[in-house]
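Chain by chain, the residues run as shown.
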Amino acid sequence: MDIQNTQSQMRKGVLEFCILSIIRHGEAYPSDIVEKMKAANLHILEGTLYPLLTRLKNAGLLTYRWVESNSGPPRKYFSMTEAGLGFYEKLEATWEELANAVKTLTDITPETSPIENTETSTPNNNQ
Amino acid sequence: MKKVININFQGRVVPIEETAYDMLKQYIDSLQQYFAAEEGSDEIINDIEGRIAELFSETLKKGSTCITDADVEAIINSMGRPADFEADEINVQAKVENESQKNKEEYSRKESQMPPPPHRLYRDENDKVIAGVCAGLANYFNLDRVVIRVLFVIFFGALFIPYLILWIVVPSTATTAIGSFRKRLYRDPDNSMIGGVCSGLAHYFNINVWIPRVLFLLPFITFLFKWSHIGPWSFPSLINFSFSPGAAIIYIILWIAIPEAKSTSEKLEMKGEKIDVNSIKSTIQQDLSGVKDRAKKFGEEVKERAQEIGATISERSSAIGREAASSARKTGGGLGRVIILLFKIFAYFVVACIIISLVIALLSIGVLFAGFLPYKIYILQDGWQTVFLWGTLLLFIWVPVIGIITWIIRRLAKTKNHSAFMTYTFIALWTLGWASLILLISSVSRDLSARNTPIEQTIPLSNPTVQKLEIRNDSKNDDFITGRNWNFRPFSNFDQDTLFVKNINIRIVKAENDSFSVRMLKVSNGASREQANMLANKISYPMYQKDTFLLLGRGIAITPSDKFRNQQIFLTIAVPVGKRILINDEVERNGSFQVGINDFGYYRWRVGEDGKYDWDDDVEYIMTENGLKPVYPDMDDDIHEPSLPTGPKSDSVYRYQQPTQKTDSLKKVSASRKEKETNSKWDFSTIVMQRFLI
Numbered sequence: 001m002d003i004q005n006t007q008s009q010m011r012k013g014v015l016e017f018c019i020l021s022i023i024r025h026g027e028a029y030p031s032d033i034v035e036k037m038k039a040a041n042l043h044i045l046e047g048t049l050y051p052l053l054t055r056l057k058n059a060g061l062l063t064y065r066w067v068e069s070n071s072g073p074p075r076k077y078f079s080m081t082e083a084g085l086g087f088y089e090k091l092e093a094t095w096e097e098l099a100n101a102v103k104t105l106t107d108i109t110p111e112t113s114p115i116e117n118t119e120t121s122t123p124n125n126n127q
Numbered sequence: 001m002k003k004v005i006n007i008n009f010q011g012r013v014v015p016i017e018e019t020a021y022d023m024l025k026q027y028i029d030s031l032q033q034y035f036a037a038e039e040g041s042d043e044i045i046n047d048i049e050g051r052i053a054e055l056f057s058e059t060l061k062k063g064s065t066c067i068t069d070a071d072v073e074a075i076i077n078s079m080g081r082p083a084d085f086e087a088d089e090i091n092v093q094a095k096v097e098n099e100s101q102k103n104k105e106e107y108s109r110k111e112s113q114m115p116p117p118p119h120r121l122y123r124d125e126n127d128k129v130i131a132g133v134c135a136g137l138a139n140y141f142n143l144d145r146v147v148i149r150v151l152f153v154i155f156f157g158a159l160f161i162p163y164l165i166l167w168i169v170v171p172s173t174a175t176t177a178i179g180s181f182r183k184r185l186y187r188d189p190d191n192s193m194i195g196g197v198c199s200g201l202a203h204y205f206n207i208n209v210w211i212p213r214v215l216f217l218l219p220f221i222t223f224l225f226k227w228s229h230i231g232p233w234s235f236p237s238l239i240n241f242s243f244s245p246g247a248a249i250i251y252i253i254l255w256i257a258i259p260e261a262k263s264t265s266e267k268l269e270m271k272g273e274k275i276d277v278n279s280i281k282s283t284i285q286q287d288l289s290g291v292k293d294r295a296k297k298f299g300e301e302v303k304e305r306a307q308e309i310g311a312t313i314s315e316r317s318s319a320i321g322r323e324a325a326s327s328a329r330k331t332g333g334g335l336g337r338v339i340i341l342l343f344k345i346f347a348y349f350v351v352a353c354i355i356i357s358l359v360i361a362l363l364s365i366g367v368l369f370a371g372f373l374p375y376k377i378y379i380l381q382d383g384w385q386t387v388f389l390w391g392t393l394l395l396f397i398w399v400p401v402i403g404i405i406t407w408i409i410r411r412l413a414k415t416k417n418h419s420a421f422m423t424y425t426f427i428a429l430w431t432l433g434w435a436s437l438i439l440l441i442s443s444v445s446r447d448l449s450a451r452n453t454p455i456e457q458t459i460p461l462s463n464p465t466v467q468k469l470e471i472r473n474d475s476k477n478d479d480f481i482t483g484r485n486w487n488f489r490p491f492s493n494f495d496q497d498t499l500f501v502k503n504i505n506i507r508i509v510k511a512e513n514d515s516f517s518v519r520m521l522k523v524s525n526g527a528s529r530e531q532a533n534m535l536a537n538k539i540s541y542p543m544y545q546k547d548t549f550l551l552l553g554r555g556i557a558i559t560p561s562d563k564f565r566n567q568q569i570f571l572t573i574a575v576p577v578g579k580r581i582l583i584n585d586e587v588e589r590n591g592s593f594q595v596g597i598n599d600f601g602y603y604r605w606r607v608g609e610d611g612k613y614d615w616d617d618d619v620e621y622i623m624t625e626n627g628l629k630p631v632y633p634d635m636d637d638d639i640h641e642p643s644l645p646t647g648p649k650s651d652s653v654y655r656y657q658q659p660t661q662k663t664d665s666l667k668k669v670s671a672s673r674k675e676k677e678t679n680s681k682w683d684f685s686t687i688v689m690q691r692f693l694i
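Residue numbers (my numbering), protein chains in the order written: chain D, 1 to 127; chain V, 1 to 694.
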C-alpha cells in the first residue's frame, strides 16, 4: 500500500472541490484563489494551481475570459460552466457523505471494538 | 555591478539582471520539462509566465529599476519548483501545520520502515550494519538477515567485491522517500536522434550528448581506417564494416531494454542527482558512520540467534521422545531456510553460468554465420534456402542473444513492468528461427544426400623419372583473400565469382615401376547420384610437373551455379623405391587438406599405404621396400632444408642429388629395422568407394 499515492489522491479530489467552490461564487483570478485558500489555511502553490485550472478548463468545467489589467499582461478570469456547476454539486454531495462517514468512523473509540477482546482472550484459554 | 538586459516577456519589455534572467530561464525550462507530458502544457506555462510578468510589473511599479535575483527568487518560491509540486500534492498537511520539515522526516522514516516492495532490491537503511546490503538481500529473498550476514562474514574473501558492487549499484531505501530523486537510466524522448538512448546515457553519466553518440558511431566509421590490401591496391575494408554491427546491436538492445522517460517523475529521475565519485563517496561515508554501533548490535543479534538456535537444538534433543513432531518443525524451519538459501545461491549460479555460456555460444555461432555469408551463394540455392538462412541467422541466433541481454539489462535496471507481449514476441520469433534452422538443415542435407560413383584417373606427368618430387603450391596463384580474424576453412581462396576449395587429400604409396605416377580420385555429393556424378566430372584441379616440382593448383573451383557439394580430390602419388618425395609446408599452410563434411575429413594428406605416416612438412622422405623413410632420420630438418627460392630452379635438382647418395647407407640401416609387412596392393579407391556406399 503506497501512502504517497493515497494522500495525493485524497488531496487532489479535495483541491479541485475547493477551487470549484471558490469559483462558484463568481469570476476569479488565480492569485485570488490562492489568497482565499491561504485565508482558509489550505496552502497551495501557484505552480500547482495553474495546471489544475487548465485541466478543469479542458474538461469543460471552467471557462475564462481575458481582462485587461493595468499592472501587466491581460489576466485570465475563470468562471464556471453549466457542466462545472453540475460537477460541483455532485462533488459537494459526495463530500458531505464522505465527511459524515469519515467522522462517524474515526469517532469510534477503540475499547468498544469487539474484535480485540476476543483476540486477547484466546491465549488465556490456552494457558 | 551587474549587467542589466531587456527582455520581451509576455509582450512587455522587462529590464532584468542577467543572472536573474538566467535563473528565470532555467526555472521556466524546468517547468516546461515538468509539464511536457501534460495535455495543454503550453497553456499552463503561458499562464505561469503571465503571472510572473504581472509580478514583475508590480515590482517595477514600486520603483525598482530592474528585476533582481532576489525578485526572481521570491517569485519562484511563491510559484513553487517542480520538485515542490510533487511534495505539495502529498504533504499538504505538513505545510498547513507549518511543520513541513519535521513531518517530512517523520514521513520518510515511516516510509522506509515499511518493507520495500519485494520485486525490487534495496539496501535497507534502517537495519544496516555497513550499508544495508545484507538486510536488503534478506528482504528481497524473504530470508533471515542474520543468515545472509553470517554467510557474508564467512565468505568474506569471495563476497567482498560483490558486496561493494551491490553497495554502489543497489539503491538505498532512503531514496524511496519523497524529495530525493534517485538517478535512473531512461531514454530521453525530448532530445533524441533515433531512440534517445545516447541522450539518456548522457544524462545518466552527466556527460555531453555527443560523447555516447560518437562512441556509437565510431564502429561505423572505423572501416575507413582499416584497409584491405589486395595486390597493389588498397581500399577501405568494407568486409570489416559489414561485420561490425556490434554498435547497432548494442544500441537496439539498449533501445528495447531501457524504458522511455514518459512521466515527469521519470524525467526528473533521468536527470536526477549526479552520480559521480563524490556522491558515491558521500553515500559510503554516510553509511560508514555508526558502523561500530551497528556492528555491535549485529554481534548481539548473532549471539542471541546462536543462543536461540542452541536452545532449540537442546530442546529438540530433550524432546526427541515426546514431542518430536512440533519441535522438529520449529528447528527444521531454521535449518531448512539455510539449505534453501544455499540451494538458491547455487541455482542462481548455475542459471547465470548457463545463460552466459548460452549467450557466448550463440554469439559465436552468429559471428561464424556472418563470416560464412560471403560464401552463401556457393552453397545455398536461391529461394527458400536463402530465406531459411536469414531466418536462422536473425531469428534463431540473434533473437535469443538480444532477448537474453535485454532481459539481463532489464533485471539490472530493475525495470518494473514485465511486458508479456515482448516475451511472447521473442518466443514466437525464436520458434520461427528454430523452424528455419531445421528446414535449412534438412534442405541442405537433402542436397548433400547422394554420392557419386568414384572413378580414378591418372594424371600424366611430363617427366616421371626424376629422382625427387617436391610438392608445392603453384606460386602464381598464391595470392588469396582471407579475413584477418576468421578463416572459414576449407574456403580459403575466394575470387569474385569463384570459390577455391582445398578439399584435397594426398596419399603417398609405393610405385610398382621406377617412375612417379599420380592418380586422382574425384568425389562429390549431390541431391541425386546423377547430380553428384555431374559435379564430380566437373571438378577440374590443375596440377602439373615442372622439373622436380609437382605444382598443385589453387583448389577445386566452385561457381555459384554449381555450388559446393563437398567436392573432394584424393591424390595418390606413387613413389618408386629409392626415390624421394618432399611436401612443402606451404602446401598445407595455404589451405586445408583436412576438412570434409562427411567422414572423409580424417584422411589427412599424410596417409600412407599402410595407414598413417607421421609425416612432417618440409622433410625429405625416401621410398624403401618397406615404405617411406625420412632421408635424414636423426637430424633437424631445418638444417637440411634451406629456404627455397619461390620459382623452381634447375640447379636445386643437382644440389639435392648430392645428399641422396650420401645417405643411402642410412636408408639400408633403417630398412633392415623394418619388420612390419606392408600391403602394397592396398587399393585406396576401393576403400573410398566402400566409404561412399556405406
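What the hints contain is simulated information worked out from the structure, not anything from laboratory work. Hints may contain errors.
Said to hold, decoys possible - Facing chain V, according to a computed beta carbon distance under 10 Å, are these residues of chain D, among others: (1) I44; (2) E46; (3) L53; (4) G72; (5) K76; (6) S79; (7) T81.
Using N, Cα and C, we set each Cβ at its ideal position, and we do this for glycine too.
Check your understanding: Regarding the hint that K76 (chain D) lies at the interface with chain V, is the smallest CB-CB distance below 10 Å?
Key -> holds, 6 Å
Point to revise | Evaluation of the interface hint that places T81 (chain D) against chain V, nearest CB under 10 Å | key: violated, 17 Å
**Study point:** Hint status (Cβ of E46 (chain D) to nearest Cβ of chain V, threshold 10 Å)
**Key:** holds, 5 Å
Point to revise | Satisfaction of the G72 (chain D) interface hint, Cβ to chain V closer than 10 Å | key: Hint on G72 (chain D): holds, closest Cβ of chain V at ~4 Å, below 10 Å.
Review point. Can the hint on I44 (chain D) be confirmed by a CB-to-CB distance to chain V that is less than 10 Å?
Key: Holds, because the Cβ-Cβ distance from I44 (chain D) to chain V comes to roughly 7 Å (cut-off 10 Å).
Practice item. Verify the interface restraint on S79 (chain D): the C-beta must sit less than 10 Å from at least one C-beta of chain V. Key: violated, 16 Å
Exercise for review: Identify whether the interface hint at L53 (chain D) stands, where standing means a beta carbon of chain V within less than 10 Å of its own.
Suggested key: holds, 7 Å
The structure fails hints 6, 7 (numbered hints given earlier, in ascending order).
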